[in-house]
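**Q** Sequence:
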Amino acid sequence: MLDTRPLLLQTDFPAINRTVLETLQVNLGYKCNLSCTHCHVNAGPTRIEQMDRQTVDLVLEYIHKHPIKTLDLTGGAPEINVNFKYLVQEARSTGMEVIDRCNLTILEEPGYEDIAVFLAGQGVTVTASLPCYMEQNVEKQRGKNVYWESISALKRLNALGYGSDQDKKLNLVFNPEGLNLPPAQSGLEEDYRRELEADHGIVFNRLFTITNMPISRFGGMLLAKGLYQEYMTILRDGFCKENLDNVMCRNLMSIDYLGYTYDCDFNQMLKMSLFVNGKSKTHLSEILEMDLTGNPIAVGEHCFGCTAGQGSSCGGALEN
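Everything in the sequence shown is counted per this note's numbering, starting at 1 for the first residue and increasing by one.
Treat the hints with caution; some may be incorrect.
Unchecked claim - Quick list of in silico lysine-lysine cross-link-like pairs, DSSO-like style, CA-CA up to 30 angstroms:
(1) Lys140 to Lys169
(2) Lys69 to Lys85
(3) Lys155 to Lys140
(4) Lys241 to Lys271
(5) Lys31 to Lys155
(6) Lys169 to Lys144
(7) Lys69 to Lys144
(8) Lys169 to Lys69
(9) Lys140 to Lys69
Read the hints as simulated data drawn from the structure, not as lab findings.
Input sequences plus hints: build the corresponding full structure.
**A** Take a look at the structure:
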């Protein structure tokens, strides 16, 4: 696979600094039951990287030392990690919000049939990838039969109270196709709500639109097709200075499966470590007592993806 990393490290993106840390985003491993075309993690069934129990306990130690509001679990498919339930239960016992970034189809896989009930019992927020409400578009990005498996999983979550009960939030995630920025989030959310309820009786809380990053699998596709420069021009031309105040890296820290730290999940994939005392690589164990407020954020060309148009973050558009 062609690698965009050398092209992304040098940039004139504006310098920005961290504010108060609110969200710890933990990548539990790169193994996944799917191999989606837009995946910036290059996750898939053949990946073997998984966070071990010692590192999970280190994450919990960090949480107990800092007033973090949200634990955001991602992957791969985070549910595949054998420590997933343990981490969720321990984090929820503190009263903090826990988000499971779920690809939906994992809930239909043999051996994971109990995950939906577990999530509901713990009051975990489910943020689920569904790149379109139309079957053809979903299967183009994610593979054959993924659409109907996703619909089945959504119905299962709805039956457990997700999307209707106050303590069981269900959010969906849209990724655009091709060289496009996401459309207006609020308008697309109305479309999703109307079509999913009419066709399948499915309800949900919010829709998040996320810009595809020119990293890993998607970035490699851009290079292979000679579209990288065209896509970067779209991102750069769409730069909106006002979005700089709200980019997710200001109050989020990303942790990889080995416990190393980054300003965001995208930087993790590019091996752009958190800047601490000039070190090129910083482990969570080294900053257990440290306040990162004011710390400079590592930036690259891909950062234009978070600031283009309406903006993009793990919580969707920065402006509606």
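**Q** Run every hint past the structure and note whether it holds.
**A** Comparing the hints with the structure gives:
1. A threshold of 30 angstroms between alpha carbons decides the hint, and for Lys140 with Lys169 the separation of about 27 angstroms falls inside it, so the pair holds.
2. Restraint check for Lys69 and Lys85: the C-alpha separation of about 19 angstroms stays at or below 30 angstroms, so the hint holds.
3. Restraint check for Lys155 and Lys140: satisfied, since their Cα atoms lie roughly 22 angstroms apart, inside the 30 angstroms limit.
4. Taken as a hint, the Lys241 and Lys271 pair is honoured in the structure, with Cα atoms around 26 angstroms apart against an allowance of 30 angstroms.
5. A distance of roughly 25 angstroms separates the Cα atoms of Lys31 and Lys155; the hinted pair therefore holds under the 30 angstroms criterion.
6. Note on Lys169 and Lys144: the hinted pairing holds, with a Cα-Cα distance of about 28 angstroms set against a maximum of 30 angstroms.
7. Pair hint Lys69 plus Lys144 does not hold up; C-alpha atoms about 37 angstroms apart against a cutoff of 30 angstroms.
8. At most 30 angstroms may separate the alpha-carbon atoms for a hinted pair to count; Lys169 and Lys69 meet this at roughly 16 angstroms.
9. The hinted pair formed by Lys140 and Lys69 fails the criterion: a straight-line CA distance of about 36 angstroms is larger than 30 angstroms.
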